[in-house]
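There are 2 protein chains.
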Amino acid sequence: MLSKCGRQLLRASSAWRLRCWRQLGGVRMPQECPVEMTHTSLVIEAEARRFIHDCLRRVGVPFEKLRSISDFLLAADYRGVHGSGINRLEMYLRDLQQGYVDITAEPEIISETAATAHVDGNCAMGVFVGNYCMDLAVEKARKLGIGFVVAKRSHHIGMAAWYAFRAMAKGYIGLVLSNAAPMLMAPGAQVASLGANCLAFGADATHSHFMLDMAVTMKEIGAVEWAYIKNELIPNTWAADESGLPTCFPSLALRAQRLYPVGGHKGYCLAAMIDVLCGVMSGANYATRVPRWWSESQIGCNPNLGLVMLALDPCVFVPDFHERLDDFRRCIETSSPLDEAKPIRMAGQPEKQHMYYVDDLGALPFPNVLLAKFKRIADLLCVKPMELAFVSSNTQYRCM
Amino acid sequence: MLSKCGRQLLRASSAWRLRCWRQLGGVRMPQECPVEMTHTSLVIEAEARRFIHDCLRRVGVPFEKLRSISDFLLAADYRGVHGSGINRLEMYLRDLQQGYVDITAEPEIISETAATAHVDGNCAMGVFVGNYCMDLAVEKARKLGIGFVVAKRSHHIGMAAWYAFRAMAKGYIGLVLSNAAPMLMAPGAQVASLGANCLAFGADATHSHFMLDMAVTMKEIGAVEWAYIKNELIPNTWAADESGLPTCFPSLALRAQRLYPVGGHKGYCLAAMIDVLCGVMSGANYATRVPRWWSESQIGCNPNLGLVMLALDPCVFVPDFHERLDDFRRCIETSSPLDEAKPIRMAGQPEKQHMYYVDDLGALPFPNVLLAKFKRIADLLCVKPMELAFVSSNTQYRCM
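Just so you know, the sequences run in chain order G and V.
Under the working numbering, the first sequence has 72 at position 72, and the numbering climbs by one with no breaks.
Under the working numbering, the second sequence has 30 at position 30, and the numbering climbs by one with no breaks.
Hints are computed from structural coordinates only; laboratory data are not their basis.
Treat the hints loosely; a few may be bogus.
For identical chains, the list gives no copy identity; a pair is met inside one copy or between any two copies.
To be verified - Capping the alpha-carbon separation at 30 Å, the derived lysine-lysine pairs in DSBU-like fashion look like this:
#, residue 1, residue 2
1, K375, K352
2, K342, K230
3, K170, K143
4, K373, K384
5, K65, K375
6, K219, K65
7, K384, K219
8, K143, K384
9, K342, K65
10, K373, K219
11, K219, K342
12, K375, K342
13, K384, K170
14, K170, K65
15, K170, K375
16, K342, K373
17, K143, K342
18, K170, K342
Construct the complete structure from the given sequences, taking the supplied hints into account.
Below is the structure:
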């Protein structure tokens with residue numbers, strides 16, 4: 001059984017439904033912008049994809065690999081998770097140019113059992129390693145109900161939910177874990193010792209889906225960057241400065257790259273658990289052994305990140321899993337909120353609402369500050385800048 | 001390869017090393033009390049076990065099942081996790097007496113693959129369901145590197161780390177998830193919709209171990225009870241009163257049973273993820289479908305809780321996993337702390353230190369308020385009260 005949401009996400013990035021808002025107008029009320037506001041403009045998906053491909057071609061990405069990269073970047077922007085969307089292109093272009101990732105490499109299996117596999121990412125791009133590992137996990141889950149794949153020598157995997165959706169599109173539950181360069185401080189520490197490790201977990205219901213996609217930090221580094229761009233202060237619970245003390249200044253936080261864990265000690269230990277599985281158990285780097293982004297220690301070396309992909313067939317356990325998950329959602333969403341205007345929602349619902357919103361618009365809304373960044377990349381690489389569908393200074397939007 | 005720490009924990013509860021502190025005196029410095037202080041007294045392990053057995057016999061627990069229950073309760077007190085130790089006996093006695101758990105029942109497999117199993121707990125006590133499921137997961141992991149077992153119709157499983165240690169004692173990584181009666185509020189809600197669900201993850205290194213054992217609440221309900229006993233206020237970030245607003249009064253918090261999640265929305269979503277796996281996927285109750293403890297809705301029915309046990313053979317992926325985990329610990333513990341007197345420690349180290357501390361004492365230290373509770377149980381059931389080894393009003397200690 002194919003998952004509706006997984007299919008929707010995967011299909012959206014291969015054949016954009018530009019005019020679906022007209023067709024859907026009579027079926028569903030047009031969606032309101034689901035998130036906080038700031039200035040945005042609209043870009044047609046094909047144009048955003050053209051821009052990504054042009055940039056990637058400039059750093060030598062072969063034609064047959066362009067689509068996989070643009071698919072996973074556009075999917076993040078489709079869900080409103082701009083921190084993992086085209087915003088990340090600059091980092092990937094730099095790492096491709098510097099040779100930290102090998103665009104010709106393909107992941108391969110080192111060893112396997114019927115239910116597990118150990119994969120060498122061979123320094124390929126994170127999306128290729130991630131896709132390969134999740135597909136392998138699904139393949140194993142098809143036979144035994146569970147597939148567990150661990151990989152080393154991977155790179156930044158982007159939006160972790162992408163891989164969980166990949167499992168969901170084939171009817172499975174997906175769990176994704178990945179470690180990262182040190183950016184997370186233990187409570188009471190003055191330096192970062194773990195990465196802002198991420199966890200994504202997705203399961204499909206009949207009429208909805210559950211999708212948790214989180215980093216173990218109080219706030220992602222993207223939120224600090226965003227505050228810096230907007231010239232705003234940040235709460236002093238988000239990050240520390242270079243002396244290890246809490247700061248309200250995003251400039252100091254960005255220089256230090258020291259974030260606080262969500263939930264204090266529990267969050268830090270959760271990050272450590274992810275690193276034990278992804279780094280220690282995979283043969284990849286872990287904790288402070290991962291070179292810091294943009295640091296001298298990174299020069300000339302692949303970061304050798306690790307990841308875990310788990311696919312699970314829920315119908316092995318209960319045949320009516322999808323109906324039960326719908327009922328679970330109702331239990332959550334009928335909780336009485338303190339403020340009736342702010343109902344309780346299941347994980348993944350705001351992003352799903354954003355996907356409907358984009359469908360209604362017929363184009364991707366990008367914050368104008370991000371578009372300015374894309375313009376700088378275009379100038380640097382001498383490619384045609386991203387063309388706007390139309391500029392709407394009234395439409396406002398928040399980068400998540 | 002058998003894990004040192006798992007062996008230590010399991011052995012400790014089957015043959016207490018009363019005089020080990022004398023033998024170890026020349027090898028390791030006597031341990032200081034690893035936690036915050038309050039009045040305690042000491043009880044020899046055999047006496048604590050006698051007391052548990054006497055109480056259990058009064059509610060009809062057959063002789064051959066006594067040891068399994070006392071083992072897992074004493075192991076929690078050995079680690080200093082009193083919230084899951086003999087402190088829980090009262091709840092188990094009540095549920096046994098009321099017939100919410102069936103002491104004669106044995107868990108059984110509903111369906112299985114080579115790597116997974118779906119178990120019916122048959123309303124047995126949580127510890128029997130948990131032990132059965134983890135042993136089954138280990139059995140499967142022995143052949144395929146991974147074993148994943150899901151159970152329904154279980155009961156409260158106590159200290160989740162117990163089952164992870166069970167996997168570690170046989171050389172595996174253990175992951176334990178369990179759902180619970182609604183006690184957790186979503187941010188912005190005024191009623192509880194999820195349980196204070198728990199997660200334990202344990203892995204052994206050559207010279208140490210990693211053990212994360214956490215509930216997804218800001219603080220466990222035991223900490224609120226503890227504040228109530230000590231007549232202290234609690235921070236208003238821990239719990240809400242019956243109107244759904246934050247409270248500083250433990251009496252109001254205990255009446256309402258509405259705890260805040262750790263890390264706000266992220267913690268709540270993590271609790272939901274655990275419930276999707278343990279409740280929705282197992283065929284057990286989930287979210288608000290679980291009857292509340294001590295509520296009228298619970299009368300006459302088993303709570304039908306769910307659990308997940310996963311065992312993983314790390315040496316399937318990297319043969320030197322245990323040495324790498326030791327190195328990981330060094331990376332964590334050499335992080336510069338803000339206060340040199342408070343070094344950064346890996347998850348599970350404070351509890352391990354407590355085990356050494358108990359070894360040095362040669363007896364279990366119990367907070368005097370807990371001992372007073374045990375005295376009340378003894379009076380109620382007409383069994384001989386727990387005899388103290390000696391009362392030490394100077395030794396002070398905190399219930400964790």
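Against the structure, the hints:
Taking CA atoms no more than 30 Å apart as the test, K375 paired with K352 passes inside one copy only; the shortest distance there is 28 Å, against 55 Å between copies. Taking the shortest alpha-carbon separations for K342 and K230, only the intra-copy value of 26 Å comes in at or below 30 Å, while the best inter-copy value is 37 Å. Taking CA atoms no more than 30 Å apart as the test, K170 paired with K143 passes in both settings, with 13 Å inside one copy and 27 Å between copies. For the homomeric pair K373 and K384, the shortest alpha-carbon distance inside one copy (14 Å) is at most 30 Å, but the shortest distance between copies (76 Å) is not.
Only within a single protomer do K65 and K375 lie at most 30 Å apart by alpha-carbon distance; the minimum there is 23 Å, versus 71 Å between protomers. Taking identical chains as interchangeable, the C-alpha atoms of K219 and K65 are never at most 30 Å apart, the minima being 32 Å within one chain and 48 Å between chains. For a Cα distance limit of 30 Å, the shortest separation of K384 from K219 qualifies neither inside one copy, at 34 Å, nor across copies, at 54 Å. In this assembly of identical chains, the alpha carbons of K143 and K384 never lie at most 30 Å apart, being 48 Å within a copy and 56 Å across copies at closest.
Taking the shortest alpha-carbon separations for K342 and K65, neither the intra-copy value of 42 Å nor the inter-copy value of 50 Å comes in at or below 30 Å. Proximity of K373 to K219 under the C-alpha cut-off of 30 Å is restricted to the intra-copy arrangement: shortest distance 22 Å within a copy versus 43 Å between copies. Taking the closest pair of Cα atoms, K219 and K342 come within 30 Å of each other both inside a single copy (21 Å) and across two copies (25 Å). In this assembly of identical chains, K375 and K342 lie within 30 Å of each other by CA distance neither inside one copy nor across copies; the values are 37 Å within and 48 Å between.
Taking the shortest alpha-carbon separations for K384 and K170, neither the intra-copy value of 37 Å nor the inter-copy value of 60 Å comes in at or below 30 Å. Taking the shortest alpha-carbon separations for K170 and K65, only the intra-copy value of 22 Å comes in at or below 30 Å, while the best inter-copy value is 44 Å. Taking the shortest Cα distances, K170 and K375 never come within 30 Å of each other, neither inside one copy (37 Å) nor across copies (57 Å). In this assembly of identical chains, K342 and K373 lie within 30 Å of each other by CA distance neither inside one copy nor across copies; the values are 33 Å within and 43 Å between.
When the C-alpha separation of K143 and K342 is checked against a cutoff of 30 Å, the pair qualifies neither within a copy, at 43 Å, nor between copies, at 50 Å. For a Cα distance limit of 30 Å, the shortest separation of K170 from K342 qualifies neither inside one copy, at 33 Å, nor across copies, at 49 Å.
Hints 6, 7, 8, 9, 12, 13, 15, 16, 17 and 18 from the earlier list are contradicted by this structure; the remaining hints agree with it.
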